[in-house]
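*Asks:* Each chain is listed here by its residues.
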Amino acid sequence: AQSVTQPDIHITVSEGASLELRCNYSYGATPYLFWYVQSPGQGLQLLLKYFSGDTLVQGIKGFEAEFKRSQSSFNLRKPSVHWSDAAEYFCAVGAALTGGGNKLTFGTGTQLKVEL
Amino acid sequence: EPEVTQTPSHQVTQMGQEVILRCVPISNHLYFYWYRQILGQKVEFLVSFYNNEISEKSEIFDDQFSVERPDGSNFTLKIRSTKLEDSAMYFCASRRLASSYNEQFFGPGTRLTVL
Numbered sequence: 007a008q009s010v011t012q013p014d015i016h017i018t019v020s021e022g023a024s025l026e027l028r029c030n031y032s033y034g035a036t037p038y039l040f041w042y043v044q045s046p047g048q049g050l051q052l053l054l055k056y057f058s059g060d061t062l063v064q065g066i067k068g069f070e071a072e073f074k075r076s077q078s079s080f081n082l083r084k085p086s087v088h089w090s091d092a093a094e095y096f097c098a099v100g101a102a103l104t105g106g107g108n109k110l111t112f113g114t115g116t117q118l119k120v121e122l
Numbered sequence: 003e004p005e006v007t008q009t010p011s012h013q014v015t016q017m018g019q020e021v022i023l024r025c026v027p028i029s030n031h032l033y034f035y036w037y038r039q040i041l042g043q044k045v046e047f048l049v050s051f052y053n054n055e056i057s058e059k060s061e062i063f064d065d066q067f068s069v070e071r072p073d074g075s076n077f078t079l080k081i082r083s084t085k086l087e088d089s090a091m092y093f094c095a096s097r098r099l100a101s102s103y104n105e106q107f108f109g110p111g112t113r114l115t116v117l
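Chains as they are written, first to last, in this note's numbering: chain A, 7 to 122; chain B, 3 to 117.
With the rest of the complex left out, here is chain A (with noise of 0.2 angstroms):
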């Protein structure tokens, strides 16, 4: 069964901090991760996502995350990070398309505060 773990819940950072958000999953074959923006009251916003290839993946909002197959892990980071990013950031993973449904499977998400 796939699974993946935040073990992060809250993160505090000052507006042009890097931030780094750490993600760990666990799933059998190759998996499909991705990180979703959740902000209040709104729904979910595709940042990124990594299905093969480059480790370092480049999403929209200057986030980038790298994947790391020997530690099971697809950490998000951002070299300054705004106002605007205060969100809850999920990291999820998928099946490969194996005709199956491909459900994802989410992260307890990270609340990440901003201070001005």
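What the hints contain is simulated information worked out from the structure, not anything from laboratory work.
A quick note: this is a predicted structure, and the numbers were derived from the prediction, not measured.
Watch out, some of these pointers could steer you wrong.
To list a few chain B residues with every Cβ distance to chain A over 10 angstroms, as calculated [as the list claims (entries may be wrong)]:
#1 Glu3
#2 Pro4
#3 Val14
#4 Gln19
#5 Val45
#6 Ser50
#7 Gln66
#8 Ser68
#9 Asp73
#10 Lys80
#11 Arg82
#12 Asp88
#13 Thr115
#14 Val116
In the DSS-like style, the derived pairs of lysine-lysine whose C-alpha atoms are separated by at most 27 angstroms in a straight line are [to be verified]:
#15 B/Lys80 - A/Lys67
#16 A/Lys119 - B/Lys44
#17 B/Lys85 - A/Lys55
#18 B/Lys59 - A/Lys55
#19 A/Lys74 - B/Lys44
Glycine included, every Cβ here is placed at the ideal spot set by N, Cα and C.
Put chain B on the given structure of chain A with help from the hints.
*Replies:* Relative to chain A, chain B alone:
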């Protein structure tokens, strides 16, 4: 840019009542999903739907839940007899079958409150 839409944005109901949550997936998408998020908890998979049948469902998706694609555009989630613990945000998502990636596009959600 096409997007998934959901109605209503907020639904309040009495325990034991039936509710239907509606979703309009992106028009050329063929795989549909429902997820839910209880307040303060993670997003959980409920069900996936393809070719007019359920392809996968979670243990949460018991006999009180059903899904339907009544026409060419809507995708609905019905809860027959709501319980207090059904209070949650319900997200619909869709995926383009031809896509080689498992990218799902999510709607804004329907907040269901069961009193």
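*Asks:* Determine for every hint whether it applies to the structure shown.
*Replies:* Evaluation of the provided hints:
Its beta-carbon lying about 12 angstroms from the closest one in chain A, B/Glu3 satisfies the requirement of being farther than 10 angstroms from that chain. The claim that B/Pro4 is not at the interface with chain A holds, since no C-beta of that chain comes within 10 angstroms of its own (minimum 14 angstroms). Once the 10 angstroms rule is applied to beta carbons, B/Val14 is consistent with being away from chain A; the minimum gap is 16 angstroms. B/Gln19, annotated as away from the interface, keeps every beta carbon of chain A farther than 10 angstroms; the closest lies near 24 angstroms.
Listed as outside the interface, B/Val45 is inconsistent with that label: its C-beta sits roughly 4 angstroms from the nearest C-beta of chain A, within the 10 angstroms cut-off. Look at B/Ser50: its CB is around 3 angstroms from the nearest CB on chain A, not clear of 10 angstroms, so calling it non-interface is violated. For B/Gln66, the non-interface assignment is confirmed: its Cβ lies about 20 angstroms from the closest Cβ of chain A, beyond the 10 angstroms cut-off. Non-interface status of B/Ser68 relative to chain A is upheld: no Cβ of that chain comes within 10 angstroms, the nearest being about 16 angstroms off.
Taking the minimum C-beta to C-beta distance to chain A, about 22 angstroms, the non-interface status of B/Asp73 holds against the 10 angstroms cut. The claim that B/Lys80 lies off the interface holds: its Cβ sits roughly 19 angstroms from the closest Cβ of chain A, which is beyond the 10 angstroms cut-off. Taking the minimum C-beta to C-beta distance to chain A, about 22 angstroms, the non-interface status of B/Arg82 holds against the 10 angstroms cut. The Cβ of B/Asp88 lies farther than 10 angstroms from every Cβ of chain A, with a closest approach of about 19 angstroms, so its non-interface assignment holds.
For B/Thr115, the shortest C-beta to C-beta distance to chain A comes to about 14 angstroms, beyond the 10 angstroms cut-off, and the non-interface label holds. With a least beta-carbon separation of about 19 angstroms from chain A, B/Val116 lies farther than 10 angstroms from that chain, consistent with its non-interface assignment. For the hint pairing B/Lys80 with A/Lys67, the CA-to-CA distance comes to about 36 angstroms; that exceeds 27 angstroms, so the pair is violated. Taking the CA atoms of A/Lys119 and B/Lys44, the gap is about 18 angstroms. The hint holds against a cut of 27 angstroms.
Proposed proximity of B/Lys85 and A/Lys55 is contradicted: the alpha carbons are some 36 angstroms apart, above 27 angstroms. Restraint check: the Cα-Cα separation between B/Lys59 and A/Lys55 comes to about 24 angstroms, which is no more than 27 angstroms; the hinted pair holds. Pair hint A/Lys74 plus B/Lys44 holds up; C-alpha atoms about 23 angstroms apart against a cutoff of 27 angstroms.
Hint compliance for this structure: hints 5, 6, 15, 17 are not met, and every other hint is.
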